[in-house]
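Residue numbers (our numbering), protein chains in the order written: chain A, 1 to 398; chain B, 1 to 58.
If a hint is listed, it holds; no wrong ones were tucked in.
Stretches of chain A that chain B covers, calculated by requiring three or more beta carbons in the stretch to come under 8 Å of a beta carbon on chain B: (1) 26-39; (2) 147-160; (3) 166-177; (4) 223-233; (5) 253-260.
If you're looking for bench data, these hints aren't it; they were derived computationally from the structure. Note that CB positions come from ideal geometry on N, CA and C, so glycine has one too.
Here are the chains, one letter per residue:
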Amino acid sequence: MKTNYDLLVIGGGPAGAIAAKTAAEAGLSVCLIEKRPAIGTPVRCAEGIGKDLLKEFIEPDERWISADIERAKIIAPNGTAIHLEQDQAGNEVGYILDRKVFDRELVWQAAEAGSDVAVKTRAVAPIMERGAVKGARVISCGAARNIGADAVIAADGVESKFARWAGIDTTVPLREMMSCAQYLMTDIPIDPASTDFYLGNEIAPQGYAWVFPKGERTANVGIGIPGSKNRDGGRARDYLDRFVAKAFPGGKVIECIVGGVSVCRPLSCTVADGLMVVGDAARVVDPVTGGGIYNAMFTGRLAGTVVAACVSAGDCSKDALMQYDEGWRTSHMGRLLERNYKVKEFFINLSDPQLNALAESIASIDLHEFTVMALIKELIKRNPKMLFELKGLKDSLS
Amino acid sequence: MLNINRDVCGYCGACVAVCPEGALELIDAYLSVEGDCIGCGICARACPLGALEVVHED
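One chain only, chain B, in its complex shape (with noise of 0.2 Å):
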């Protein structure tokens, strides 16, 4: 799953443009992630700042 830090997001939209699966949106102040992501981590690659991270549940 795909873990947002809010404090460090400066909710900038650059992920959204990358995800693969349509599954982020930026709401306003926000970032949301939908159902369909599949923790590919391409969103967390072009974030400016580090806000994303996938965490993989083993």
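With the rest of the complex left out, here is chain A (with noise of 0.2 Å):
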């Protein structure tokens, strides 16, 4: 580790490495710092992505797709059913991870590409010059030192500080911080090609359970709910003690998982003068599913490609690094984040037997074009006493 870089990057993750290694090949000289002493672990996510998303970051590699799903179930609170396959769930359905091994790869193609890489080493203060981020004080393997660097990119997960401490505010509304348990359990019957999501008051009031498979008899069964939910004795914890006690009684329980995953809208601003935000730490992970691996890679790479731009150009003040901001929140992918949010809201509003009357309506339909808006406007036909809140739910969409 040197004292000075181009670019400093907070966090191991799928965001940071990917922003390491962007900026690495585009020719800067790059520090990836993570706190832990190994990348990927302890893992803290259902590991699902789709398949299309994933490939635009690397070839699929057998030795961390833990499985290859081919369709989706989306089960309502009376047990109706709705049955999604591949070529109409999207991007809903793909791979599940082995993170543990996902993580590791992407941060060796970070260090392959060129960026040096520091574990046990965690940022515990921003090193501020004239108001601009110029680095950070870290403690590495307990010596405290300085690393400097023209910008950073706050890679630091839904626990992130270090954009708090540059000055951006961070907090997630406790209403929409997903507070998630999962366990990983085998030996348990499941449909090894098909990822479960199951929906109710009872079971996940304004979540869902999920059965995401690693294999033939083993999956990631969890549960969320938002923090504003959990009581004594009735935490997502007890949620999913209780789903686990019936869906699978004589599973075996070999990881405990726990976590914290933001459904609120993301940062109003991810830069500032030296810094630039991404992934879970920008917040932003998608409001319905819950998933976040590639929005992470998504905004690393841009920020990676911004700040190689800026930094060769020597300016790195938060008018130049706006084009980042500017750019995922134009893309699709940002795009999409703001139309689910008005998605997760409405759907986070409905009763048991409103969620059930939908399923229903939709359960023996073959949904050909499985878009949200096709959704929406057969949700409309079918379900004239819901007429008013869908129709408003499609006006805030369209």
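Build the complex from these two chains, which are given one at a time in their own frames, with help from the hints.
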């Protein structure tokens, strides 16, 4: 580790690794730091990603793909199931990764591109010069030191602190922080090619339970509910235990995973002088699915590209870096985030009978074209009682 | 003040993200509370496991 770089990346998840790789390939000197002693662990993820989305960044490799998914099932509170095949569900169906190996692969690629990597190294404060971020004070295996840089990318995840230290408010509203618990379970009867989503107030109020296969008889079985729904005796972990006791009574838990997933709107601004915020730290998780791997890689790559140009031009001011903020916001991904935020706000306010009615109305039909708009139009046609609510959603999206 | 039950905590960081004061930090496999905790309890609500508890000293 040197004392000065063009770019310092804080966090060795997918966002940070892709940012470091992109910037290093563009010729910058880059240092990526990770506070944990190992990349990829502990896992805090249900590990699903759309196939086409993944392929934008990396060729699928069986070393880090746990399962190849062919269909999805959404189960309403009364048990009504909506079946989606691959061509309908699109990117809601994909691969289930092995993040421990996947994340290492991405960091390895960043290193191969020329980036330095330091583990067990955490940022404790930004180095500020005339209001601009110019690196970070870090503690590396217990030793304090400064790493200077023309720009810093904060890829420090849901528990991000770096952007806050540099003056960006990253606080997630309690009701938009999904409080999640997941077991990696084995010896359970599952459809190894289907991702299953369970809805309902009893199972997961304003959230959902998921079963994401990791093999023939192994799966990530998890649950997420808004933090505001947690009660003593009724926390995410308790809901998961109840779900598992019913669905997989004989299963064995070989890993216990907890996590927070933000489903709020993204940060109102993801750049400052000398600083860019990417991935979960930027709050760019999909508010409907809670999926964040693709959006993390997308923002990481864009930040890496923009910062390479800015460093070369000798201008890492907020104005110059704004190209990154505007870039992801106006991208397909950015527009999808805004749309899905509205979709989420609609669905979390539905009662179980309403969810059942919607599911029953479309369970039997063949959704050739499974776009959100096509689905809403179909729902409007079939649910005159909910015309008002559904039309409100449709208008907010168009 | 905030009590952290380290045997229960899964060090996931959900609490860190909802803290309005930025008073919590996830170091690696442990959670640390800084001086500016105001005891609002929002972190305790967000916890998937129930590892946090605000204790009011009377």
